[in-house]
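Peer 1: One-letter residues, chain by chain:
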Amino acid sequence: MSDSITERSLTEQLRDLEAGQYSSRELTEAYLQKIASASDINAYITVSSEQAIESADLADQRRASGDSAPLLGIPIAHKDIFCEKGVKTSAGSKMLDNFVSPYDSTVVSKLKEAGVVSLGKTNMDEFAMGSSNEASFYGPVRNPWNHDRVPGGSSGGSAAAVAASLCSAATGTDTGGSIRQPAAFCGITGLKPTYGRVSRWGMIAYASSLDQAGPMARSADDCALLLTHMAGQDHRDSTSSSVEAEDYSSALTSDLSGLKIGICTEFMDGVDSAVADILDQTRQSLEALGANFSEISLPNTHLAIPAYYIIAPAECSANLSRYDGVRFGYRCEGPENLEDLYKRSRSESFGREVKNRIMVGAFALSAGYYDAYYKKAQQIRRLIKQDFEEAFASVDMILGPTTPGPAFALGDKLDDAKAMYLQDIYTISANLAGLPALSMPAGTEDAMPIGAQLIGNYFQEANILRTAHQYQQVTDWHKRRPEKGETA
Amino acid sequence: MADEVTVTEEVVKDVAELAQLKVAEGDLEVLTAGMKTILELAEQMQSVDTTGVNPVSNPLDATQRLRADEVTESDQHELYQSVAPETEDGLYLVPRVVE
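Keeping their order, the protein sequence lines are chains C and H. Using numbering that gives the first Met the number 0, you'd call the opening residue of the first sequence number 0 and step up by one each time. Using numbering that gives the first Met the number 0, you'd call the opening residue of the second sequence number 0 and step up by one each time.
Calculated directly from the structure, the hints in this document are not laboratory data. Every value quoted in this text rests on a predicted model; they were computed, and no experiment measured them. Think of the CB as a built atom: it goes at the ideal place given N, C-alpha and C, for glycine as much as any other residue. Some hints here could point you the wrong way.
Some chain C residues near chain H, calculated using beta-carbon distances under 7 Å [to be verified]:
| no. | residue |
| --- | --- |
| 1 | Q20 |
| 2 | Y21 |
| 3 | S38 |
| 4 | R343 |
| 5 | I357 |
| 6 | A366 |
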């Protein structure tokens, strides 16, 4: 019983809880047991067992007294980048290893209001800077499909937890692909919404003009349900959008006839042949559902990574200047003076990749280089955004790969930073332009999942979720789970 | 357009000062290589003429929203200072700056 209930989708679990087939406490305990037995995956940094059981009991009482909060009693996991009151929130860094958040982020509080049970906080690359989850202070996460491979990053813990049924669904954040790439590598569905769709308040900042929170789950309909209770304007985040949030579940069922989907020629360069075949099959499935395809061009795609690796470090160097050893986080032992306090607190607790990006950012923003690097990158960003605007004049969305290939081996790209950066080649453009984009399981290569990506126009989350949902009605890639007990 | 930058160990030391990072001699080589990798990638941007292109600062081209200048939060300094390394009488403690 306990094993089968953790294998149910979020949508199914809601129905089961409603029908009284099992309680939130039973479901929560089943997940906690699974988490304990799958500790080798290292998906969680913190497991909040006691709090989870308490809130599951509360959810059961609420349900018994007629409360019908939309996600009542559903056990989920939060990426350890979302502040959760009374729970350690580390962002995968030694800097925040001692930080117990005194408040809830907007995402956490909105989902709490909707009734979820928080099982704990998932592992991630330090401050969300990485594509393999190997840059975590808490050690790498292992891909549940093959423990010798990475789960992707930076939301690798969330993706692995969903794939291994260690939670019903999870939250993630995506600055350059950090929801979509791990979703693709772990065979789950993940959505990065439009910039500003979900509040960033209480979400530890990496690159503020790119960061966006989103749902990671087994299917598009689970993502839709979660997003409905994450999205919306927040007076505490001045960049959150005033565009009305929707009930993303309500639009899932309409068919795809007449939908215009573009295939980007530049995206097809560089994918391996298996990925190309998978995308071709995805296209055929969507055509059979009524979608029409045409080719489009995003000519400045090759400039997305160069522009990103100036903009994101520049913003990170500003955002991470708050870690000074004074107000929260790590403080070095016996500082000689104030400068020594700042420098050693930062240097002793930031990892290599974080230091690297802070340095690049400080350089790109420094006098004499600002125009050549930062301003130039923001101008390139305009060209990339204009490419999309032109494409969306003729198509409703774009289908492409999420990653160049399947999950790579642990350690494989650790000594080759450039190869690691190039992992995000198909995902970064959507962040630069601020567009919503989803990755869904669409096939396998080497017995590892491969994701297909749908990029939509601004605030078209409902449309890409509907497309993915319709695709998932006629395919079963999203239902495949890693073989039980598969170990390295 | 700036000349191509040569990332020397001197440049790295200067930037580390700006970033308030202490670089151990042993880490200098790794950090220099790391900066070089990114700045070499960024060089590709220089081949594009962006004269007159309006830089993007907000992906939705939104401007900062204003609100009335009213107190909306309650004073919770004790709670927020509970996570600080060292405080006294509501103040953060740091090493003495002025003798």
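Peer 1: Indicate, hint by hint, whether the structure satisfies it.
Peer 2: Hint check:
The beta carbon of C/Q20 comes no nearer than 41 Å to any beta carbon in chain H, farther than 7 Å, and the hint placing it at the interface is violated. A hinted interface residue such as C/Y21 counts as satisfied when its beta carbon comes closer than 7 Å to some beta carbon of chain H; here the least separation is about 37 Å, so the hint is violated. Residue-level restraint check for C/S38 is violated (minimum Cβ-Cβ distance to chain H is 28 Å; threshold 7 Å). For C/R343, the interface hint holds, since its Cβ comes within 7 Å of a Cβ in chain H; the closest pair sits about 6 Å apart.
A distance limit of 7 Å between C-beta atoms decides the matter here; for C/I357 the minimum to chain H is near 5 Å, and the interface restraint holds. The interface hint given for C/A366 is broken, as the beta carbon of that residue sits about 10 Å from the closest beta carbon of chain H, more than 7 Å.
Consistency note: the structure conflicts with the earlier hints numbered 1, 2, 3 and 6.
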